[in-house]
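Residue numbers -23 to -1, 1 to 936, in mature numbering (1 follows the signal peptide of the UniProt record, and there is no 0), belong to the letters of the sequence shown in order.
The hints are simulated quantities; they were obtained by calculation from the structure and are not laboratory data.
Wrong hints could be hidden among the right ones.
[To be verified] Using 27 Å as the maximum straight-line C-alpha spacing, the simulated DSS-like pairs for lysine-lysine come out as follows:
#, residue 1, residue 2
1, LYS707, LYS476
2, LYS900, LYS545
3, LYS811, LYS99
4, LYS412, LYS369
5, LYS814, LYS646
6, LYS814, LYS99
7, LYS398, LYS385
8, LYS348, LYS412
9, LYS390, LYS348
10, LYS91, LYS721
11, LYS390, LYS900
12, LYS646, LYS682
13, LYS803, LYS814
14, LYS412, LYS356
15, LYS900, LYS803
16, LYS316, LYS476
17, LYS803, LYS657
18, LYS412, LYS628
19, LYS412, LYS476
20, LYS476, LYS682
21, LYS385, LYS369
22, LYS657, LYS721
[Said to hold, decoys possible] Cβ-Cβ distance ranges computed for the label pairs, FRET-style:
#, residue 1, residue 2, range
23, PHE584, LYS628, 52 to 60 Å
24, VAL669, ASP590, 37 to 45 Å
25, PRO528, THR406, 55 to 63 Å
These figures come from a predicted structure and were not determined experimentally.
Where a beta carbon is used, it is the ideal one built from N, C-alpha and C, also for glycine.
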Amino acid sequence: MRVCFQIITFFLAVNFYCQPLRAQDPSCCHHAAEFSPCKEACDQLATIKSESRLKHLLQRLPGYCPESMNELWLCINSTLPGVSRKSDGWVGLGCCELAISTECRRECRQASSKNDITKVCKKVTENSLYSCITKNEMGSTCCSYAGRHTTCREYCQAIFRTDSTPTVSQINAVREYCQSHSAQLLSCVSNFTKSYPIRSPIDSLYCCDRAEATHCQVACRRILRTMSTEHEIMEGLIEECGSQPLPQEPMWQCFLGSAHPPSPPEEDLPHPAKMDCAKLHCCSKANTSLCRDMCQEISTNWGSQTWQDFDQLCEYNPVETELINCLSDVREPCQLGCKDLAYCTNFNNRPTELFRSCNVQSDQGAMNDIKLWSNGTIKMPFMNIPVLDIRKCLPDMWKAVACSLQIKPCHSKSRGSVICKSDCVDILTQCGDRKRFHEGQTPERICELLSPIDDPERCIPLHRYLTPSSLGNNIVEEVIHPCNPNPCPSNHLCQVNRKGCLDELNCQPYLCVPGCKLGEASEFLVQQDARIQVPTRAGPAGCFEVCSCGPSGRLENCLEMPCVDTNKPCIIGGQRKSHGTSFRVDCHHCSCFAGDTICSTRECLSFDSSDEDRRQFTGLPCNCPDRFVPVCASNGRTYPSACVARCMGFKDFEFAFGLCRLSNPCANKPCERNQRCIPKYRVCLSDSSDCVQHECVGRPTPCDKSSVEPACDTDGLVHPSVCQLQQAGKTLAYMGHCQDACRKPQQVCGHNGETYSTVCDAYSDRVAVDYEGPCHAVGAVSDVAPDSACSLIRCPPLSTPGCRPVTPPGACCPICASMLQILWNKEQMNTFSKLNKNRPVTVYDVLQTLRLHVSVPQCDVFGYLSIDHVLVVLIAPVDQQPTPLQIEACSKEAEKIDSLINYASPTLVSHVPLSAFLASEIKTSSIHSSGGTPPSPLPPGLCLFLGLLIAVAPVFHQL
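Model the full structure from these sequences, guided by the hints.
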């Protein structure tokens, strides 16, 4: 129906042409006089000043004004300014309102061509403006071929006015009205539309989950799978769900919004939502041009090739191990724990081992594999392996093979899931049907292709899974895996619940949070509001853009980053080091980044140093004296002395004497009169903007009651959120449930050199406790430093008998935890800050994002910026007296994250700001097999590593 098509054309076109409609729409509204909801919605068009709100209403106007109101819709469509705008001679004029900066918007309105705006409107920040101009330019060219055929030209212009992928109905309309007038126009439009794969209705299936009624959810899924046109789908949903498409209803809000994703960045570049950005991250890791090109093609263009083709050529190519492991991370990230398998029972009860695919489907898949192999042939993508009757020849070994290939145990270091070569050779030597081997086939040659590795640290030894786990069901409950298997809907991300619950009777150890796929062909989810770095399709490797995960479930607001020259090597001692390579120079941990060598700044002591040099060596930056006279620097970090601060690059005017957290950032009344100043201490990793230590809170606004993150005030009362705490006029003491042990101030010194009033205050800041009392000493950051003033510190006992502890750099006391020391790129941090409206990147931001990658509630993430500017991350048990199994689980979590950093896996480094990580060094805690003496009681109120589970409700210990 033509009127229906005009409706669709109308609300798709508003993004570029909403300004002129404000003046013209009211003249049409009298056609809606007898239909009050429609009249009210139409009249609002002239009053709304917000561009986003105007677009929101226009997109939903068909829900208020039915298509049967022909006169209204014909009037509205006749006011679309497409042709009149083009007559101005500047095809970008209708796009000017998309400019972000006021200066660019003003310059655009006054310009007569694109060349006039390039000095003011930078492409890296004004992406939407240039995308709009490019589309208009191409539309002006294509539609000019229509000549005097007005109808053909109007339908052609509708294609280029849309702010999303052109619909099937739009493309068909152009073909219908233009095929007899201009073959050039059809060819031009075809070239344009091929850049944007047509959306399928099933891409919006996730919206069905938001319908309140179960019967509506079922009907919605059926309709989207069986109906093709928008009109059929809308009518079907209205009929089955019994409601009009009103924007306040979650299902309709999602469905209508998802039909119009943001516009593509360039006319020849599919929008990130059309790609599989997670897999695209991996393509640059290919060592052969064939596999790299295939990977990029499949990740960006649908239907051109299949992953099966890729697997046949690249999956078992020994030079493509890094690429294949990266793709494995994306498809099935390694997770701790395996249980509830009915066939592969020997894989159960292994809470501290990593698996990629421990689930019912893989369990059934292993059983099916054994049935297929029992026919006498193992079919691989590139070869068939003839075998004897596996029901009689080593049946337990074959079962272990099938289960290993399906359940996929993975090592944290190599991340591979291949069977060890010696096991492969043994089983084929005994059970391979050599009479049917092809010429030249031998067990050794077959295994060289299938399992070239024989290092038990990098391959799967089958003997481990020939017998059940030594752990019983009871002890396994010491470490739980609430997100494995995943209990959440397909469009939600499962996260460990570290916030706790106000209602402990209905408390779950996990949270299901809305997420975005990294592309419509991707299964990899990131949480809503997350900022994600994704590769661009055009340009060389090293070109990225930063996007945010929007409420529609799609990546949006993408901004280009400066490209990184990944081909530029670093020259170290006459040797070439390629981009991304990590290495050591003396005692320094270094990484090559686009030709720049970035190293840690720790103080070194050479092997041939004199005794006098060794006596004077303090282990502090610039060999500063071992004194604690703290200063607070402009990055919000407390340094033990002015000497250390100067050594780390701060000028005298950039620091003040005293601890940062003991200063009052609100003393100078930095906020407006009608605002309240609240201290917000933070340590900034970016320095492109001020590291402000306060925030100004305006008049109370309604709090989001659905967002629960308990907060404790200084009176010891818990509130559902910080917002509600502030509305009550209270002062925040720390995040989490109030703890009896923290009701009275009892100072502790954190690993960051800050003094906290209570252990709960430190925990809330994601900082672990070094010792009890105020900070008055600093430890060395070098492994070979002599005893320091820390020798006078009374350290708390270790939390677990027989623990081999680690001592964090700058700390005085050892701790039973696993430690990562991460080298990071400040320029990247500054770039992320600039792209995020100059909001500083903080240590707290990094730690909160890293917490999402720790999958067991018994372990948590703490950390700080060391005095020599290494990011120190501790992954530690949160129980007061953790068991050896819990300590082992935390060590495995640390090893997993260390590997993801060092291999630049997109499962971790696609997250901003974690993508600024260059390399990691790890030290893990372990337990002496012989045990040890029990620990002494902890000082009152001080549970080492906050054994008080402040953020995790006590109910979790009962699960």
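Query raised in the report: Do the alpha carbons of LYS476 and LYS682 lie within 27 Å of each other, as the hint requires?
Result: Status holds; Cα separation ~15 Å.
Query raised in the report: Do the alpha carbons of LYS803 and LYS814 lie within 27 Å of each other, as the hint requires?
Result: 17 Å, holds
Query raised in the report: That 37 to 45 Å hint for VAL669 and ASP590 (C-beta), does it hold up?
Result: Holds: the Cβ-Cβ distance is about 42 Å, inside 37 to 45 Å.
Requested in this report: With a cut-off of 27 Å on the C-alpha distance, tell me whether LYS814 and LYS99 pass.
Outcome: Cα-Cα ~15 Å, so holds.
Query - Hinted pair LYS646 and LYS682, Cα distance within 27 Å - result: Given pair LYS646, LYS682 is violated - Cα atoms ~31 Å apart, limit 27 Å.
Query raised in the report: Would the pair LYS390 and LYS900 pass a check requiring their Cα atoms to be no farther apart than 27 Å?
Result: 14 Å, holds
Report task. Sort out whether LYS476 lies within 27 Å of LYS316, counting only the CA atoms. Result -> The given pair, whose Cα atoms are some 26 Å apart, holds under the 27 Å limit.
Report task. Given the hint that LYS814 pairs with LYS646, test it: the Cα-Cα distance must not exceed 27 Å. Result -> Roughly 24 Å between the alpha carbons, so the hint for LYS814 and LYS646 holds.
Query - Restraint check for LYS390 with LYS348, where alpha carbons must lie at most 27 Å apart - result: Since the Cα atoms of LYS390 and LYS348 sit roughly 33 Å apart, the hinted pair is violated (cutoff 27 Å).
Report task. Below or equal to 27 Å on CA atoms is what counts here, so check LYS412 against LYS369. Result -> Between LYS412 and LYS369 the Cα gap is close to 18 Å, so the pair holds against 27 Å.
Report task. Below or equal to 27 Å on CA atoms is what counts here, so check LYS803 against LYS657. Result -> Status holds; Cα separation ~22 Å.
**Report entry** 27 Å Cα cutoff - pair LYS412, LYS356
**Finding:** Within the cut-off at roughly 17 Å; holds.
When each numbered hint is compared with the structure, violations occur for hints 2, 9, 10, 12, 18, 19 and 23.
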